[in-house]
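Student: The residues making up each chain are set out below.
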Amino acid sequence: MSEAYTSDEMMTVTAARMLRNGAVCFVGIGLPSTAANLARLTHAPDAVLVYESGPIGAKPTALPLSIGDGNLAETADTVVSTPEIFRYWLQGGRIDVGFLGAAQLDKFANINTTVVGPYKRPKVRLPGAGGAPEISSLAKEVLIIVQQSKRTFVEKLDFVTSVGFLTGGNAREAAGLSGNGPVAVITDLCILRPDPDSRELKVTSIHPDVNRGTILANTGWSVVFAESCEKTPIPTRPELDTLRDLKARTAAVHSTQGDRE
Amino acid sequence: MAEWMTLAEAMAAHVHDGDTLAMEGFTHLIPFAAGHEIMRQRLRDLSLIRMTPDLIYDQLIGAGCASKLTFSWGGNPGVGSLHRFRDAVENDWPSPLAIEERSHSDLANAYVAGAANLPFAVLRGYTGSDYPRVNSQIRSITCPFTGEVLAATPAVRPDVAVIHAQKADWKGNVFLWGILGVQKEAVLSAKRAIVTVEERVESLNAPPNACILPHWVVTAVCEVPRGATPSYAHGYYERDNVFYREWDRISRERERFSAWLSQHILKTRDFEEYLALQRDPLVKAIYQ
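Chains A and B are the protein sequences, given in the same order. For the first sequence, the residue numbers in this note's numbering are 1 to 261. For the second sequence, the residue numbers in this note's numbering are 1001 to 1288.
Read the hints as simulated data drawn from the structure, not as lab findings. Worth double-checking, as some hints may not be accurate.
[Said to hold, decoys possible] Listed below are the simulated EDC-like cross-link pairs for lysine to aspartate or glutamate, each with C-alpha atoms no more than 20 Å apart in a straight line:
no.: 1; chain 1: A; residue 1: 120; chain 2: B; residue 2: 1238
no.: 2; chain 1: A; residue 1: 59; chain 2: B; residue 2: 1238
no.: 3; chain 1: A; residue 1: 123; chain 2: B; residue 2: 1100
no.: 4; chain 1: A; residue 1: 123; chain 2: B; residue 2: 1019
[Said to hold, decoys possible] One-sided and incomplete, this derived list gives chain A residues near chain B with beta-carbon spacing under 7 Å:
no.: 5; residue: 66
no.: 6; residue: 82
no.: 7; residue: 127
no.: 8; residue: 160
[As the list claims (entries may be wrong)] Stretches of chain A that chain B covers, calculated by requiring three or more beta carbons in the stretch to come under 8 Å of a beta carbon on chain B:
no.: 9; region: 51-58
no.: 10; region: 91-101
no.: 11; region: 189-195
no.: 12; region: 207-219
no.: 13; region: 237-245
All residues carry an ideal CB built from backbone N, CA and C; glycine is no exception.
Okay, chain B solo, but in the shape it has when bound (with noise of 0.2 Å):
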């Protein structure tokens, strides 16, 4: 039964060290200000699971807080490497990040066959590639029916899903629209969900046949405005592309990065504050 709660009461109450973590939304409704609260909340020892990690889970690692990544396409889209997440893994900074890594068609089924409460996704899938071969959970299947050998990978069960909607109604149904990605099936593999939307409405007066998870199946709902940018939600607000384009010089370095975790995350309070030093004069020079 969702709950409405603040963004800091929710991370609180529902994501705790060493929880497997999703946090899901395909270039559309990423959310950041949920990833930014887990970083104020200095929480560690998390397992990640997204498709493509994006600045997210960057931040995330380079902030501390995971010691495992499971993923299926780690740069920054258009601009080019992630640059916390290959220190991570080149060399071991901030600490060690264990990576399982897979292709988006297998991920997508996974989170599918973790919905649908089966252990494992079936797909045609990494003939001929060597990801099974770094990849122990890469595995195949005999159909019974037909001889045929597919590929069987293990379902995604996250501890905690994170999503960002556009809308949710006071009762807590949440709506979302747009490109879609893996939202749904994250938050229906869960154990727990958390959902931040632009805004708390009245009705939803959502057409039949639209994406909308009822309020039984999210456990926490928090209003956040602009709580997916700099990524975008429809209707809402534009990708901020000169972010993305910036956060290549903010993380390339160790000391910048640190810095702009320190004086951007650490040192507000919470998402508005943060929001309200984008606008800052200063700040926002430097994305200039």
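Chain A on its own, in the form it takes in the complex (with noise of 0.2 Å):
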């Protein structure tokens, strides 16, 4: 063991890896904003972060607690409209990454992020769809971070938000879908890719110190490992001061209270 760090670290770092520089990042708030921030300020200094709010090319000092926070519009290259962000630059096909989280997730990474229970009478009704179902299937590809539970990865979802492989296999393709999906889903114990043919998710690779029987535990249908199932690298030094300074950056924004008196 080197360096301690947490399993939400471990996550984070991993999921910023997967992060190529250069890539044009259209970033959801939370989870993924932390991951491709991260990736930014290390490995992808020319990653473009583009946040459905309008900025593009932003590159925000701390983490914005929202999606539209002033501090995107002032480090971007250019601040278009929200109809100009989904018109042009996703649906323009410019889009190299999503960048997702999800509320619950099946074994073919669609995504449910609006209710748990049924639609009309919902025993939780999340946020709903944002911009993830059009981002899910028009950027070339989509990474996936999210906690690993029972709960959040389950054998079927109560709702389909934002399409993954839909039922596997190649009904992806045939539905239409220009993007490729998603390639990786990163959680706080491990990586899991789409088999290339099933399309199901597999575990590739484990995190330290995570053993098959907590992620066994942990998935919701009878998850398989890949035959060349690696361990995930740990988190280097440079990357925990990076992600700590600006989690630090981040808390003390966070708390502030705008000029009120």
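Now that you have both chains on their own, put them together as the hints suggest.
Tutor: Okay, structure coming up:
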């Protein structure tokens, strides 16, 4: 063991590493935004971060609490209107990577962020679609970052908000979706990638200090491990330092009250 | 033709019970002062439209002003749930709330269609999603040139749009900058438009290509300094992140929300008095 780190940090660092330098990335709020900005501050300084509120090429100094924080606009290459973001930039085919979170996820990487329980009488009313349905279908590829548990990794979604590989196999291509879909799901326990044929998510890399039993116990379907399952490299000192600095700056900003006297 | 008036006058004159109302502002420039005035005037049966309902519609829903909500993402950004919205959807409190749920891309396109006087929006969207199953307004159309099937959804055509902006001149020409969301489209898609601004100025001094709404597309304009707080106004004040977090506590239980509504909104005369109340050390203390 070298440095101590949390499972959350392991997840964020692992997700950040997946974003290649120069990629144009459509960033969801929360975990995706943390990972995308960590990537930008470490190995991917030329990653272009696009937020649905309009900033293109945002380089925030602290993480935004909301998707339209002023710091995103001030540090962006340009700020366009929300219709333009979705019409010219996402639908126009200019997004390399969509970076999404999820409330529930199934084995074909379909996502639910709408309801738990029946739609008309939900047990839990979640926020809903946001930009995710079109990001998941139109970005050239999709990364999903999510905490793994039986509540989130379910056999059957209560509602399909945004699509991964639908029912698997070539269902996604058959539906006419232009993007290639999810390439990886990064959790606090492991990395899952879709099987090239069945498109079912398989565990391809296990984080240090996590065993297969823990992954099985936190997955709502009988998850398969890839034959060449690897061990995820631990976070480096610079990665951890950068992430912690970013979080400290963020905490300072989020406790401000604007100019309230 | 824009008419300068007080916010109370603008709401009384141009927003009526039963109206379809779009109050826009994407995190930035959310017209909170106008939302408060709607609660004070006890407007009812409103069909609300907004991409991100945010605290502004959580307040209106909890206050019983709304009978329908069209939206695409209903959460307290970075904090959690909108409790008044959830209580209305899950438990019909204080009254049942019909919902029409769409995606961001859809609603953004639908505002564009409304502004362009088209009956519907066309987009690549919803393929494989369950939304068309629960929202019969999400339909499809076949391209007459290529045969491709695309999503088609109704244009947004509100009775009234309300936005907040940084400046307006004496004639009522409005200037806004920073994150623009769908504010321009909301104004141009609506029959009437009310704009609150940080300040009234002699001249806008706007560069070419600036986002200007000419006075002749604005119905009423009202000077309401800090009228977007607790959201922010670029160049004027920051987002009050503490209030966004505190709202989780204020809104979680019906009793506490009702007490807030009574003390902070119904018993204050206007937004200025509301802001003065926020500076009260006793009130400030609960936000720390």
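Student: Could you grab the alpha-carbon distance between residue 123 of chain A and residue 1100 of chain B and see if it respects the 20 Å cut-off?
Tutor: Holds, at about 18 Å.
Student: Against chain B, does the region 189-195 of chain A show at least 3 residues with beta-carbon separation below 8 Å?
Tutor: That given contact is violated, which follows from only 0 residues of the region 189-195 of chain A lying within Cβ reach (below 8 Å) of chain B.
Student: Under the criterion of a CB-CB separation shorter than 7 Å, is residue 160 of chain A in contact with chain B as hinted?
Tutor: Check passed: Cβ of residue 160 of chain A comes within 4 Å of chain B, closer than 7 Å.
Student: Is residue 123 of chain A within 20 Å of residue 1019 of chain B, Cα to Cα?
Tutor: Cα-Cα ~30 Å, so violated.
Student: Measuring from the C-beta of residue 127 of chain A to each C-beta in chain B, is the shortest one below 7 Å?
Tutor: At 4 Å from the nearest chain B Cβ, residue 127 of chain A passes the 7 Å test, so the hint holds.
Student: For the hint on residue 66 of chain A, just tell me whether its beta-carbon gets within less than 7 Å of chain B.
Tutor: holds, 3 Å
Student: Taking a Cβ-to-Cβ distance below 8 Å as contact, does the region 237-245 of chain A have at least three residues touching chain B?
Tutor: It is violated: at least three residues are needed, and the region 237-245 of chain A offers just 0 whose Cβ sits closer than 8 Å to chain B.
Student: Is the interface hint satisfied for residue 82 of chain A? The criterion is a beta-carbon contact with chain B at less than 7 Å.
Tutor: holds, 5 Å
Student: Sort out whether residue 1238 of chain B lies within 20 Å of residue 59 of chain A, counting only the CA atoms.
Tutor: holds, 18 Å
Student: At least three residues with a C-beta closer than 8 Å to a C-beta of chain B: is that true for the region 207-219 of chain A?
Tutor: violated (count 0)
Student: Check, residue by residue, whether the region 91-101 of chain A contains three or more positions whose beta-carbon lies closer than 8 Å to a beta-carbon of chain B, and give the verdict.
Tutor: violated (count 1)
Student: Can the restraint linking residue 120 of chain A and residue 1238 of chain B be considered satisfied, given a maximum Cα separation of 20 Å?
Tutor: Given that 20 Å is the threshold and the Cα spacing comes to 38 Å, the pair is violated.
Hint check: violations occur at hints 1, 4, 10, 11, 12 and 13; the rest are consistent with the structure.
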